[in-house]
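Participant: Protein chains in written order, with the numbering used here: chain A, 1 to 217; chain B, 1001 to 1217.
Read the hints as simulated data drawn from the structure, not as lab findings.
Heads up, some of the hints might be wrong.
As the list claims (entries may be wrong) - Okay, derived cross-link-like pairs now, BS3-like style, lysine-lysine, Cα gap no bigger than 25 Å in a straight line:
{"#": "1", "chain 1": "A", "residue 1": "Lys22", "chain 2": "B", "residue 2": "Lys1141"}
{"#": "2", "chain 1": "A", "residue 1": "Lys109", "chain 2": "B", "residue 2": "Lys1017"}
{"#": "3", "chain 1": "B", "residue 1": "Lys1034", "chain 2": "A", "residue 2": "Lys22"}
{"#": "4", "chain 1": "A", "residue 1": "Lys17", "chain 2": "A", "residue 2": "Lys83"}
{"#": "5", "chain 1": "A", "residue 1": "Lys34", "chain 2": "A", "residue 2": "Lys171"}
{"#": "6", "chain 1": "B", "residue 1": "Lys1083", "chain 2": "B", "residue 2": "Lys1141"}
{"#": "7", "chain 1": "B", "residue 1": "Lys1109", "chain 2": "B", "residue 2": "Lys1141"}
{"#": "8", "chain 1": "B", "residue 1": "Lys1034", "chain 2": "B", "residue 2": "Lys1022"}
{"#": "9", "chain 1": "B", "residue 1": "Lys1190", "chain 2": "B", "residue 2": "Lys1022"}
{"#": "10", "chain 1": "B", "residue 1": "Lys1141", "chain 2": "B", "residue 2": "Lys1190"}
{"#": "11", "chain 1": "A", "residue 1": "Lys171", "chain 2": "A", "residue 2": "Lys182"}
{"#": "12", "chain 1": "A", "residue 1": "Lys55", "chain 2": "A", "residue 2": "Lys34"}
{"#": "13", "chain 1": "A", "residue 1": "Lys190", "chain 2": "A", "residue 2": "Lys22"}
{"#": "14", "chain 1": "A", "residue 1": "Lys141", "chain 2": "B", "residue 2": "Lys1017"}
{"#": "15", "chain 1": "B", "residue 1": "Lys1190", "chain 2": "B", "residue 2": "Lys1034"}
{"#": "16", "chain 1": "B", "residue 1": "Lys1034", "chain 2": "B", "residue 2": "Lys1017"}
{"#": "17", "chain 1": "B", "residue 1": "Lys1022", "chain 2": "A", "residue 2": "Lys141"}
{"#": "18", "chain 1": "A", "residue 1": "Lys182", "chain 2": "A", "residue 2": "Lys109"}
{"#": "19", "chain 1": "B", "residue 1": "Lys1083", "chain 2": "A", "residue 2": "Lys109"}
{"#": "20", "chain 1": "B", "residue 1": "Lys1109", "chain 2": "A", "residue 2": "Lys17"}
{"#": "21", "chain 1": "A", "residue 1": "Lys109", "chain 2": "B", "residue 2": "Lys1022"}
{"#": "22", "chain 1": "B", "residue 1": "Lys1017", "chain 2": "A", "residue 2": "Lys17"}
{"#": "23", "chain 1": "A", "residue 1": "Lys22", "chain 2": "A", "residue 2": "Lys34"}
{"#": "24", "chain 1": "A", "residue 1": "Lys83", "chain 2": "A", "residue 2": "Lys182"}
{"#": "25", "chain 1": "B", "residue 1": "Lys1171", "chain 2": "B", "residue 2": "Lys1182"}
{"#": "26", "chain 1": "B", "residue 1": "Lys1182", "chain 2": "B", "residue 2": "Lys1141"}
{"#": "27", "chain 1": "A", "residue 1": "Lys83", "chain 2": "A", "residue 2": "Lys141"}
{"#": "28", "chain 1": "A", "residue 1": "Lys55", "chain 2": "A", "residue 2": "Lys83"}
{"#": "29", "chain 1": "A", "residue 1": "Lys17", "chain 2": "B", "residue 2": "Lys1055"}
{"#": "30", "chain 1": "B", "residue 1": "Lys1109", "chain 2": "B", "residue 2": "Lys1083"}
What the hints assert, rightly or not - Some chain A residues close to chain B (C-beta under 10 Å, calculated; not the full set):
{"#": "31", "residue": "Ala19"}
{"#": "32", "residue": "Ala97"}
{"#": "33", "residue": "Phe160"}
Backbone N, C-alpha and C define an ideal beta-carbon position, used for all residues, glycine too.
One letter stands for each residue in the lines below.
There are 2 protein chains.
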Amino acid sequence: MPPVSNLASYIDHTVLKPATTKEQVQQLCEEAMKYGFAAVCVPPYFVEEAVDLLKGSTINIATVIGFPLGYSTHKLVEIEQAKEQGATEVDVVINIAALKSGNWEFVAKEIDLLTNTAHRLGLVIKFIIETALLTNEEIEKVCILCANSAVDYVKTSTGFAGGGATIEHVKLMRSVLPATIKIKASGGIKDRSFAEALINVGANRLGCSRSIQIVES
Amino acid sequence: MPPVSNLASYIDHTVLKPATTKEQVQQLCEEAMKYGFAAVCVPPYFVEEAVDLLKGSTINIATVIGFPLGYSTHKLVEIEQAKEQGATEVDVVINIAALKSGNWEFVAKEIDLLTNTAHRLGLVIKFIIETALLTNEEIEKVCILCANSAVDYVKTSTGFAGGGATIEHVKLMRSVLPATIKIKASGGIKDRSFAEALINVGANRLGCSRSIQIVES
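Just chain A, with the same shape it has in the complex (with noise of 0.2 Å):
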C-alpha cells in the first residue's frame, strides 16, 4: 500500500478520558501545533482553553456531543454552546439506543435536525455510528441516512464500545457513502501502518490519542 504523506494533516488529536486536566489540554495544543494535526479534540468543559491556546493557528477545535453513550437528549443545546465556546467541529454520537430498538425514524430525524443546526452555525460536523455495536445491514442504514441528510463525516468509534476503527467497516462505510461524505476513523489506531491502512481504504480523518506514537513511528 502506498505511504501516505503528511500523515498529521489527517489527525484529529484527541483526549477524552474522564480525569483529563487542564495541563494535558494545554499539551495537546502545543503538541497539535508542532506537528500540524488537523485538529484537536478535547472535552466540552476545555473548548475555551483549546480556544485561546491554538488562538492565531489553522487548527481545527473540536469537542464531542451525547458522548460516549449516544442517548442524551441536549445535543442541540450542546452544539450551540460548543459553537458559542468557539469549536469548529463537533462529534456527535448518535442515539445507538433509538437505532437498537429499531426506532430509525428517530435516528434519521435527530441526524437530520443537528445536521441542519450545526451547518446553520458553520460547523463541520460528524456524527458517530460506534460500528463495533452495529451489524453490517445497521452500518449500511445508518451511512445512508447520513447521507441523506449530508453530514460531513460519518465516523467510527468512541473508543468506549470495547472495539475501534477496522478496516472491513471503514471499506463497507465507503462503499455505501458517496464521495462527498467523509470518513473519520477513531478507536485503538496505535500505529502508522494501520493509520495509513485506514486512510488507504477510504479514512479522509483519523481520531487518534496516541498521534505522536502513530507519526513518528
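With chain A held as given, fit chain B onto it using these hints.
Facilitator: The following block gives chain B in isolation, referenced to the frame of chain A:
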C-alpha cells in the same frame, strides 16, 4: 458479617449500555416489579417508557446526568428534563476533569447548584464521584463538598472507568460523610456476598445490572 434481609430493596436495577433496547427496558421494569427493587436506572431516552411501565408501582425511576464522563456542560437542563419526563431520582456525574485540574471551586459550585435544582424539583440526587479515578484525599474532599450541599447520596462509580465500588472506598466515604448523607455503591457488584459486605460497611443503595443473580445467589 450479618446477612441483609430484603436485599432487593437496596438495589437500583440498572441498564446503561449504549445499545440498550426498548425490550431490555421493558424486561428491566418487569423484573423490578417482580423482585421489589428500590428503583430502575435507565438512560434518559427511556425514562418515559419506564414511567409508563411502572405506573401504579412504588418503584423509583432513576436516570443519569452527564454520564459517564461528567464533563457535560448541560447537567442542569438535563435534570429539568428528567423531571419533566417523570424521573424521581437523578444520578449525576461530577466534573472529574475540573476536580483533576484542581478547580475545586467549580466542582463545589456545580454540586451546590445541581442539588438545589434537584431538590426544588422534588428529585433525589446522587453524585457519582468515580472513586477509581480519585486519590483518597480527593474522595474525602469531594465527600465534604457533597455533605456541605446536603446531597442525598454520594455514589461510587459509573461502571465505565475501569473500576467499581470497593469495600475500602465505601468505608472511607462513610467515615467522612455525616449519617444524613447516604452512599450508593455501584460498578462490578456481581454476587450477594459482595453486595452484603458493601451494605455492612455503610452502603445504603446498590447500583447493579446483575441484580437477579445477586438476590437469587
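Participant: Which numbered hints turn out to be false for this structure?
Facilitator: The structure breaks hints 3, 5, 6, 10, 27, 29; every other hint is satisfied.
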